[in-house]
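Engineer: Listed below, chain by chain, are the residues.
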Amino acid sequence: MSDILKRTGEAPRRYRIAGSGQVTPVGDHVEDLVSGYVLGALDPAEHDLIERHLRVCSRCDRRVAEERNVIALLPFAAAPATPTLDVKVALLARIAHSQRAAQEAALPVRAVRTLPPAVTLPASRPQATLPPVAASESMQPWLAALPASSRFGRAASYLAVPLLMALIATGAWGMQLRSQVAQQGSQVSTLQQTVANFGTNALSYTLTPTGDSQTQGVFQIGANRREGMLTVQTQGESIDQVFELAGVNSKGELVPMAQLDVKDGSGTTTFPINDLLSDYTQVKVQAKPVATGTDGETVLSGDLNGAISSENPAANSTAP
Amino acid sequence: MAMPDDGELGASSNLTELSDADLIDRAAGGDSRALEILYDRYSRVVFSFALRIVGDRQLAEELLQEVFFRAWQQSSAFSSSRGTFVTWLLSITHNMAIDEVRKRRRRPQKADSEEPETILAAMPDSGPGVEDEVVMGSVRETVIGAMNQLPLAQREAIELAYYQGLTQREIADRLGEPLGTVKTRMRLGIQKLRETLAGSEMELT
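Residue numbers (this note's numbering), protein chains in the order written: chain A, 704 to 1023; chain B, 4 to 208.
It should be emphasised that the hints constitute simulated quantities derived from the structure, not laboratory data.
It is possible that part of the hints are untrue.
The calculated EDC-like cross-link candidates involving lysine to aspartate or glutamate, where the alpha carbons are at most 16 Å apart (straight line), are [unchecked claim]:
no., chain 1, residue 1, chain 2, residue 2
1, A, K966, B, E180
2, A, K966, A, D1006
3, A, K966, B, D43
4, B, K195, A, D964
5, A, K966, B, D34
Between the sequences and the hints, there should be enough to build the whole structure, so can you do that?
Structural biologist: Encoded structure:
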């Protein structure tokens, strides 16, 4: 049998007992199952059978690969549809959150790895590290001249100095580490607050491109109504650009709220909202020209529709 | 593949010029900007595909976010030797979307039970100039053209399995056809697709 296998490259023929008692040869080629397999349309028993067969049969495995290549093209037949920018904003916030969480989780591991050797001293048994008293020939002459009790005291002081220095260093290092942890914890906390603030209770406005603008944007007002977030995505050649978000008050005046640097086609910024949003009827995003002191071109705009009430801003928690 | 650092990218170059394989390498190294570029490239394809399966924009958007988050988490597991990034991404999309459809099917509701005729009618016509992505648009036209060449019964069997997650046995029950007939239709349909698509030049990055 092994000679045949070597000659033909065929799989060994094995058998299994099906539930009905019928014997099904696992080694038989399973070409009639391949199409159902690549389409994910087999019953569990058939699926199990072909998977086991594929482990030992290169011919059927090739067939599967060929048909998979065909099936892999089917997704492209779907009618084109564009998701809202909110998905990207939520995805990036989620990734940033997971990165911070991973960094936080990694901190204790790094702390263990970078512990100074002094911390590992067996402080509870310092005598174990003392030089043998009997080995007076290896002592410094001045130490050997001292009475035994004095020699022990001097040796102990020798040990105490590096130990004390180690403890001081450890203490300083510990303070530094605690400071780092506190700092990173604070960053994580800030990020978590941001994610929560711009989560389900935020107001989200998908801004409308003006004219031929290829820019997309979303303006969000955090759940606390004191922070805003602007996300802008650009296409075409002007993928690096500075944008300014401004509120339009009842007199039609533009009041700057935030500036955003877009790199490689997209950017997000958060900013405090100091003014009462109820004063604004609209927000506009302008592409800032290179020369300062002139008005930029408005590329996005959105109506606020009086969604924020000055009397009770927190009551408006549903996105329009 | 070695991951270029920021210095290698230089001022004249940027992430948007990197290949999918390079970008996923960078994402595996923790560069979320690289994943963002991949999202910009493929979010529409993934969303369109998910929407085609689940038929609900909100659910399709949830899936879109989940697919890319999973790609981010599993980026180090991706190997370009086993296929293209977009194929991998769409495979994740298919699995997740079909799971969702099957979950919904287990819950009794009428909106989920599209008739085969409806599915066929929903197959979009190939219209020129719809896609911004020229390559994707070209692939789409080719695949739709190949699907349109299939006999209706074969196309129906393939679509019920691929887009609705029905097993061959469930398709046979639904259509009132023998199981063997459904299997044959699938086999012949894929064979015909393979022959048709083999004649076209398609390249996915």
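Engineer: None of the hints should be skipped; say for each whether it holds.
Structural biologist: Hints versus structure:
no.	hint	verdict
1	A:K966 / B:E180	57 Å, violated
2	A:K966 / A:D1006	26 Å, violated
3	A:K966 / B:D43	14 Å, holds
4	B:K195 / A:D964	51 Å, violated
5	A:K966 / B:D34	15 Å, holds
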